[in-house]
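Asks: Numbering (our numbering), first residue to last: 1 to 88.
Hints are computed from structural coordinates only; laboratory data are not their basis. Cβ atoms here follow ideal geometry from the backbone N, Cα and C, with glycine treated the same way. Where hints are given, some of them may not hold.
If you anchor each label on the Cβ, the simulated ranges turn out as follows [to be verified]: (1) His-68 x Pro-33: 34 to 42 Å; (2) His-85 x Val-37: 21 to 29 Å; (3) Ala-31 x Arg-58: 31 to 39 Å.
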Amino acid sequence: MKTCCIKSGATAAATLSLVLISGCGSHDTSAAPPPTVKLANPASVYCVELGGRLEIIRSQQGDRGLCHLPDGSVIDEWVLFRRDHSQE
1 MKTCCIKSGA TAAATLSLVL ISGCGSHDTS AAPPPTVKLA NPASVYCVEL GGRLEIIRSQ
61 QGDRGLCHLP DGSVIDEWVL FRRDHSQE
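Generate coordinates for the entire structure from the input sequences, incorporating the hints supplied.
Replies: This is the structure:
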């Protein structure tokens, strides 16, 4: 009889161990991928920092940003950025 109880106890312990281990190894593959990091366009940020309003022009050649400055002037955002941030 003692042999039976020891065997049952060992079986229960082994079963419990397998259940615990299998729970640690399961992964939810349907989880959403982590979000990607998006960096702001420095020329667009600079336009807005100057109080400008950004307008994106879409064409077959690609997107182009125009900065409408508070004084009424309109300039390409990258031209403005490079003009004011020379690499001297």
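Asks: Determine for every hint whether it applies to the structure shown.
Replies: Status of each hint after checking the structure:
Between His-68 and Pro-33 the beta carbons are some 37 Å apart, a value that agrees with the proposed interval 34 to 42 Å. Checked against the given bound of 21 to 29 Å, the beta carbons of His-85 and Val-37, roughly 23 Å apart, stay inside it. Remark: the range hint 31 to 39 Å for Ala-31 to Arg-58 is upheld by a beta-carbon distance near 34 Å.
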